[in-house]
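Participant: Next come the chains, spelled out residue by residue.
4 protein chains.
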Amino acid sequence: MPKTIKKVAVLTSGGDSPGMNAAIRAVVRTCAYHNVECLGVYRGYEGLIEGDFVVLDARSVKGIINKGGTMLKSARSKEFRTAEGRQEAYKKLKEKGVDGLVVIGGDGSFTGALVFNQEFNFPVMGIPGTIDNDIFGTSHTLGFDTALNTVVDAIDKIRDTASSHNRLFFIEVMGRDVGHIALNCGIAGGAEEILIPEEDLGLERLVESLNKSKKSGKTSSIVIVAEGDKIGKNIFELKDYVDENMEGYDVRVSVLGHMQRGGAPSCFDRVLASRMGVKAVEAMLDGESNYMVGLKNNKMELTPLDSAIKGKTKINLELLRVSDIMST
Amino acid sequence: MPKTIKKVAVLTSGGDSPGMNAAIRAVVRTCAYHNVECLGVYRGYEGLIEGDFVVLDARSVKGIINKGGTMLKSARSKEFRTAEGRQEAYKKLKEKGVDGLVVIGGDGSFTGALVFNQEFNFPVMGIPGTIDNDIFGTSHTLGFDTALNTVVDAIDKIRDTASSHNRLFFIEVMGRDVGHIALNCGIAGGAEEILIPEEDLGLERLVESLNKSKKSGKTSSIVIVAEGDKIGKNIFELKDYVDENMEGYDVRVSVLGHMQRGGAPSCFDRVLASRMGVKAVEAMLDGESNYMVGLKNNKMELTPLDSAIKGKTKINLELLRVSDIMST
Amino acid sequence: MPKTIKKVAVLTSGGDSPGMNAAIRAVVRTCAYHNVECLGVYRGYEGLIEGDFVVLDARSVKGIINKGGTMLKSARSKEFRTAEGRQEAYKKLKEKGVDGLVVIGGDGSFTGALVFNQEFNFPVMGIPGTIDNDIFGTSHTLGFDTALNTVVDAIDKIRDTASSHNRLFFIEVMGRDVGHIALNCGIAGGAEEILIPEEDLGLERLVESLNKSKKSGKTSSIVIVAEGDKIGKNIFELKDYVDENMEGYDVRVSVLGHMQRGGAPSCFDRVLASRMGVKAVEAMLDGESNYMVGLKNNKMELTPLDSAIKGKTKINLELLRVSDIMST
Amino acid sequence: MPKTIKKVAVLTSGGDSPGMNAAIRAVVRTCAYHNVECLGVYRGYEGLIEGDFVVLDARSVKGIINKGGTMLKSARSKEFRTAEGRQEAYKKLKEKGVDGLVVIGGDGSFTGALVFNQEFNFPVMGIPGTIDNDIFGTSHTLGFDTALNTVVDAIDKIRDTASSHNRLFFIEVMGRDVGHIALNCGIAGGAEEILIPEEDLGLERLVESLNKSKKSGKTSSIVIVAEGDKIGKNIFELKDYVDENMEGYDVRVSVLGHMQRGGAPSCFDRVLASRMGVKAVEAMLDGESNYMVGLKNNKMELTPLDSAIKGKTKINLELLRVSDIMST
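Residue numbers (this note's numbering), protein chains in the order written: chain A, 5 to 332; chain B, 5 to 332; chain C, 5 to 332; chain D, 5 to 332.
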């Protein structure tokens, strides 16, 4: 029979994403609903080691559901990768009487949580918060939908100027290892080509495809490039290559950068965050540990943390095909 | 063996929704991709009867993926409900050599398509376009996600002024028969109460709940009301009731209205529209008819039109519970 | 020689508007810059009478420049209209050692400030915060520019659905006594007609004008109506009149309501708020009192509070003419 | 007595800016209002030389007031800098019976117009369209206000992630020769420092100022850098310098790029464009030539083209001071 949970701590860790505040709010209010105390931990595992806590009740999280970033701040902690660091963190939690820990973050953060659980048998639950959508066990990570809308809005703006000038734009979006943002935003932004880490189009085929676009009557073009695209050139080298190998285009580069991480979360991300926060706390109160909550087929489901970490989310091949057809 | 499709017509019908233009574009480009001709029909079934057609090629739909509304315009046609009207429409399609018809709209539009097919054995495919998300066979209708973001943005703005003045706002959102918009936006907007057609909270319980909110320290409140809420009072009567039965609140009403139908579609709706357009045309080229394309578990699936029309989409009870917990 | 100001109080009063938080921040930071203490007063004159104060330093106003509403909340105070109420307010300010008061609000709030100054010779400065832009002595009030963008965004969305359905929309915007919002947004939203409190178009001419629009080939129309339009019918009566006297239009009504008051302030309003806050505090430190700060010809200028209250801002006749020409 | 103008041509030239479409619409509809014919010229002076014209009537410009970019497309023309090019352009205009030319663009475009007028005594009028706000004779150029809001929205998003991680961000905004965008957006975005072409802060003082910020309790910082900032380092070199000379900050760079040129124009820019279009055409019909229309003290005024070209718009020193005080 599981030990009764009476006090839960919550932290955000790794790169921030829109919806993290909404998830914090949901964790705190679900605790309040079940008469469980709740502590916020500042700056992820760093703050855990330092004992940088704050008491959170239902009113403390008022007005944050629509704020980007994380009110608890986030960090990457080297110390938590050491046994001493984790020992210190455990001590701090025990001092405060905390019984369970909810970690909002990506797979690096979950790895830390899992090791921590294994060492101290301390209940942990994960909520997937990252714009990259690269976590196994959920169709959508927190912040992914918001980031898509931010990127598409930027592409729309760039399209205005591209089509006024018959220009070719390379637009870099986030995604070192996965092309989810690039692929969705490429389709939604009406891109002529999408370069993702999962697929090597090759430079020749890129130029060929752009030439075909041009012949079909297109006077401006947009190519979406994920940070980690397979061609293995950075976006400025791509521009140079096309400058040398294509005529009639004025080629420009835009790197969207960190604005992709911020902004008010979309309705989808706020609802998802609320559902995930409820599920994470209630699963923990039911005696579960070492799970990540996720969205599967529009339902909340639990996935073991180690599967979430090891698993791979694959690119949807149907979307690749849709992209090809749409750039006809 | 199915007859080969060589020319497809596409129309939008019923209330417009964001993403309809993106779906038209997808239908047109998929036709182009498969070397099938494509005609657009203006003003839904009205234009079909009048033969108000336009030839659409890949370039004709340039720059519309991010536009709200529908370039083909929409209408509700009384004449298409008569056998004579449908006979005339059939004649016009035959004259133009059209082999198949894609209908983008809601269940009323699908009923028309189904009857038309039964009378003339004419291939039809449906794409669910409505902000209400009330169509069986797809987890999301085209425009639903965009409408959610529009509504949540409006709630955020009203919240600014509500909390500056310690006010109670009743906000009416679309949804005569279903509470999907109200429920999602209520959660995402941090509403204290959500009144939907599927559930009768009762006026006494509403006041009780608002009083509880107030005692818990909330100084302003937002109640989201679907057009067709079960309490059976219109939103101004609700205000009057609360004015008479609660003290200490300045009660206001806001009816969001038709702006919910417009605006640039979200990334989600653009991708969904693109996928649906591809699927609808390719299914038709494969010899299918009388289906609606839909999103199920993140995959494109076909649902027989009669199931789509008769089926009911139920409110997600989990969301009701999340809403209760979040308003703690 | 003016008494040295060592402690300033700031409050927001009347209807809230976007930019009020930015103005509070500017007042607080200008005080900090000049080593003057600053107190915030909650709920306008109500809080002044109750002594509901909060110490504000440069860090207290972090992260509010982009927030709608007012962190100090606002209210309308009946008690401050009585001599006893003002006496109590004066007592509370003296107890706290406050030397000067900055009032962010509209003309009602300025009237209160002026009376207060006359009774107690207490230094007061006004910052014009209202979306209506109806205050003499400044080309722009705080929040006006933001409200314009909010309204135009809503009109754009409604236009999407209007033009998809060949509809005529009456859209009501704020402005009981002045038509600034209606006139600017009408031009920017491409409205066919704009009804404002300053001008009586007459119902017959409205219908005539709409008929002319229709004949010129327009298939949908938008009429912007200020709350206080001169025709003297409310917007639903307007719809009924047009329904009876025009054919071929499906007429709809949308009342934009309180969302016009909220939202993140525009760049213009944030810069204006910052400039006004600096000017208000520095003028006070220079010994000035009973002035409102305002924008004139892109410069900060002082206007005596009584002129600001009594003066009238007139509608720009050039804009009326531009509107007529644009609806050609 | 001036020759009667019976046919006007309009073109957009140079970098595009939001509001150009609204200005085209205003020129076209003002012509229609006065029964003057109107031709659109594609791709600026390039299209003029090639005779790439389109007839525009009141209905041709429907639905473009809220679109970014320019429907007439823009270009920079080398040929128009030659006497032969201009001779050819003149010939094309005469062939079509055009009597006057409205040029929407920046100072380069105006220089072309002026030379053209001097050579052929052809009536020309300028409308200042550029996001940089660097044209003498108008307090605001078309697109400036929209660009400000686009930049501030991006800064808000970056601020979310900056403050979640205690980061220092250098954000590059447009402005090679003038710091208007940087200065306004720096204030509105709550930047700690603003680097502009007009002022050399010096690297040491920058680091000093950031250190002071940090000591005052700020945990994240944003520095806005105009493209042409005076320190003379590009933004990546700035980052390197700070990385080496400051501790405790994780320094990041974001270059906002071309998205600053696009997007739906703000209400302000749409109204301004409408006013400018009316004024430009009506001034020309009144026999004027060689002027630029501009906004001065909220009124439409004419400035001789040569003054507009030679004049310098200075940075508002008051804003620099406000920026200093706000970063207290």
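Don't read these hints as lab results, they were simulated from the structure.
This one's a predicted model, so the numbers in the text were calculated from it and none came from an experiment.
In this text, a Cβ means the ideal position worked out from N, Cα and C, and glycines have one as well.
Incorrect hints may have been included.
[What the hints assert, rightly or not] Below, a list of computed lysine to aspartate or glutamate pairs in the EDC-like style, where the Cα atoms sit at most 16 Å apart:
no. : chain 1 : residue 1 : chain 2 : residue 2
1   : D       : K222      : C       : E322
2   : C       : K66       : D       : D61
3   : D       : K219      : C       : D160
4   : B       : K219      : A       : D61
5   : A       : K82       : D       : D254
6   : B       : K222      : A       : D61
7   : C       : K300      : D       : D254
8   : D       : K71       : C       : D160
9   : B       : K82       : C       : D254
10  : B       : K71       : A       : D160
11  : C       : K222      : D       : E54
12  : A       : K66       : B       : E248
13  : D       : K300      : C       : E322
14  : C       : K219      : D       : D61
15  : B       : K303      : A       : E322
[Said to hold, decoys possible] Covered stretches of chain C, going by a simulated chain D footprint (3 or more residues, C-beta under 8 Å):
no. : segment
16  : 30-41
17  : 251-261
18  : 270-276
19  : 316-324
Participant: All the hints need checking, so say for each whether the structure fits it.
Facilitator: Each hint, compared with the structure:
1. K222/D with E322/C: This hinted pair is violated, its Cα atoms lying about 47 Å apart.
2. K66/C with D61/D: Roughly 52 Å between the alpha carbons, so the hint for K66/C and D61/D is violated.
3. K219/D with D160/C: 46 Å, violated
4. K219/B with D61/A: Roughly 15 Å between the alpha carbons, so the hint for K219/B and D61/A holds.
5. K82/A with D254/D: 15 Å, holds
6. K222/B with D61/A: 13 Å, holds
7. K300/C with D254/D: 42 Å, violated
8. K71/D with D160/C: 10 Å, holds
9. K82/B with D254/C: 15 Å, holds
10. K71/B with D160/A: Distance of about 10 Å is within 16 Å: holds.
11. K222/C with E54/D: At roughly 33 Å apart (the allowed maximum being 16 Å), E54/D and K222/C break the hint.
12. K66/A with E248/B: 28 Å, violated
13. K300/D with E322/C: 14 Å, holds
14. K219/C with D61/D: 15 Å, holds
15. K303/B with E322/A: Holds, at about 9 Å.
16. 30-41: holds (count 5)
17. 251-261: With 0 residues closer than 8 Å to chain D, the segment 251-261 of chain C misses the three-residue bar; violated.
18. 270-276: holds (count 5)
19. 316-324: Three-residue rule met by the segment 316-324 of chain C, so holds; n is 3.
Hint check: violations occur at hints 1, 2, 3, 7, 11, 12 and 17; the rest are consistent with the structure.
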